[in-house]
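**Q** These are the residues of each chain, in order.
There are 2 protein chains.
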Amino acid sequence: MQRIIDFVLELDKLKGVTRKTRPLGLERYENSAEHSWQIALLAASLAPYAEESIDVSHVVAMLLVHDIGEIDTGDTMVYTEGGWEERKAAELAAVTRIFGILPESQGAPFLALWQEFEGAETAEARFAHVADRAMPVLLNLASGGQSWRENGISHERVVRRIAPPIKAGCPALWGYLEGRLAEAREKGWFGAE
Amino acid sequence: MQRIIDFVLELDKLKGVTRKTRPLGLERYENSAEHSWQIALLAASLAPYAEESIDVSHVVAMLLVHDIGEIDTGDTMVYTEGGWEERKAAELAAVTRIFGILPESQGAPFLALWQEFEGAETAEARFAHVADRAMPVLLNLASGGQSWRENGISHERVVRRIAPPIKAGCPALWGYLEGRLAEAREKGWFGAE
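Chains as they are written, first to last, in the working numbering: chain A, -19 to 173; chain B, -19 to 173.
Where hints are given, some of them may not hold.
Said to hold, decoys possible - Label pairs and their calculated CB-CB ranges:
hint: 1; chain 1: A; residue 1: Ala100; chain 2: B; residue 2: Gly155; range: 37 to 45 Å
hint: 2; chain 1: A; residue 1: Glu84; chain 2: B; residue 2: Arg160; range: 35 to 43 Å
hint: 3; chain 1: A; residue 1: Thr56; chain 2: B; residue 2: Ala69; range: 38 to 46 Å
hint: 4; chain 1: A; residue 1: Leu72; chain 2: B; residue 2: Ala69; range: 46 to 54 Å
Claimed, not checked - In silico DSS-like pairs for lysine-lysine, Cα to Cα no more than 30 Å straight-line:
hint: 5; chain 1: B; residue 1: Lys167; chain 2: B; residue 2: Lys0
hint: 6; chain 1: B; residue 1: Lys0; chain 2: A; residue 2: Lys0
hint: 7; chain 1: B; residue 1: Lys147; chain 2: B; residue 2: Lys68
hint: 8; chain 1: B; residue 1: Lys167; chain 2: A; residue 2: Lys68
hint: 9; chain 1: A; residue 1: Lys(-7); chain 2: B; residue 2: Lys0
hint: 10; chain 1: A; residue 1: Lys68; chain 2: A; residue 2: Lys147
hint: 11; chain 1: A; residue 1: Lys147; chain 2: B; residue 2: Lys(-7)
hint: 12; chain 1: B; residue 1: Lys(-7); chain 2: A; residue 2: Lys(-7)
hint: 13; chain 1: A; residue 1: Lys0; chain 2: B; residue 2: Lys167
hint: 14; chain 1: B; residue 1: Lys68; chain 2: A; residue 2: Lys0
hint: 15; chain 1: B; residue 1: Lys167; chain 2: B; residue 2: Lys147
hint: 16; chain 1: B; residue 1: Lys(-7); chain 2: A; residue 2: Lys167
hint: 17; chain 1: B; residue 1: Lys0; chain 2: B; residue 2: Lys68
Bear in mind the hints are in silico, worked out from the structure with no lab data behind them. Small disclaimer: the values here were computed from a predicted structure and weren't measured. Glycine included, every Cβ here is placed at the ideal spot set by N, Cα and C.
Just chain A, with the same shape it has in the complex:
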């Protein structure tokens, strides 16, 4: 029992890992814990539009653990280019440590979920990536491009990073986003390339 308690208290640190997006109407930045909650519900809501047949509860489980490595490494914006291999190795070391707080029989399934998400080779992992990539875009579309402007992210870079996974896992969502992103470009909500 003590190891489970230690694990869940270690998870508390994800509430202090900040991202580049601000919750709508709030001054502070979003943290990776509340982001994980929101994308789990986005995935559950979007499930009827999944391109492949998926087990939505498995997608939800993956999304709840996918950012836990950031407890040691911090968040890296998806538009950052280069250095991904080193960051992913550091995140793997982090989740190995954190899930290792639990007894093996409980830690191993969490680590397997994290690795499945990273591998992006199952239908569930691909759909989980759709929710993870789409959410900051939806928040930016609702905030006049807050994190795109603050970080100088261009329309081209957003499309390059998010179109392939979203098209693959949820083409209907891409159909929606493509037009909204073009409108946002017209409105000047992006940084320069």
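Keeping the supplied structure of chain A fixed, place chain B upon it in accordance with the hints.
**A** Below, chain B alone, put in the same frame as chain A:
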């Protein structure tokens, strides 16, 4: 698709609903979105100790939606006495509005999950309540009783509110907590009755 987007942006407001507990080491108060994420993982980790046979993914789904009504009503501390019936009616009105943003076929299952949690009559709902009640206690045990002291909550009141549901759903956890709560009383981490 627009209704799903509107729903998930409405959910963003739960990030601004604050609770009485502070994340460990942070000055700010915890919000109900990150709390929902944490207790979903607490439930998943504690599942081997559940008193009854449970479908853990169903417990997780309930926990992800159980606080959504607070978007309209705000959080009420579990130790508040009296007025629960009115608050629960207000929360039901809130979730009816919020899940009603979605098409009926998607909103109805979310509303059913919320109602199942509130009813606390299934094994999964009982276990979901264990995680919801235990988490602020675990945070208080790790912070020297931060929210108990700030709000004048006594040992007796904590035990009265949390012992019955935790004993019912997860006796092993109650066995652990009972001793820790007695130690905390010795240390003066509670308010006066």
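**Q** It remains to establish, for every hint, whether it holds in the given structure.
**A** Verification of the supplied hints:
1. Ala100/A with Gly155/B: 37 to 45 Å: holds, 42 Å
2. Glu84/A with Arg160/B: 35 to 43 Å: violated, 25 Å
3. Thr56/A with Ala69/B: 38 to 46 Å: holds, 44 Å
4. Leu72/A with Ala69/B: 46 to 54 Å: holds, 48 Å
5. Lys167/B with Lys0/B: holds, 21 Å
6. Lys0/B with Lys0/A: holds, 26 Å
7. Lys147/B with Lys68/B: holds, 24 Å
8. Lys167/B with Lys68/A: violated, 43 Å
9. Lys(-7)/A with Lys0/B: holds, 17 Å
10. Lys68/A with Lys147/A: holds, 24 Å
11. Lys147/A with Lys(-7)/B: Roughly 28 Å separates the two Cα atoms, so the pair holds.
12. Lys(-7)/B with Lys(-7)/A: OK: Lys(-7)/B and Lys(-7)/A at ~22 Å, within 30 Å.
13. Lys0/A with Lys167/B: Violated, at roughly 41 Å.
14. Lys68/B with Lys0/A: violated, 35 Å
15. Lys167/B with Lys147/B: holds, 24 Å
16. Lys(-7)/B with Lys167/A: OK: Lys(-7)/B and Lys167/A at ~25 Å, within 30 Å.
17. Lys0/B with Lys68/B: Answer holds: Lys0/B to Lys68/B is near 19 Å, not above 30 Å.
The earlier numbered hints that this structure contradicts are 2, 8, 13, 14.
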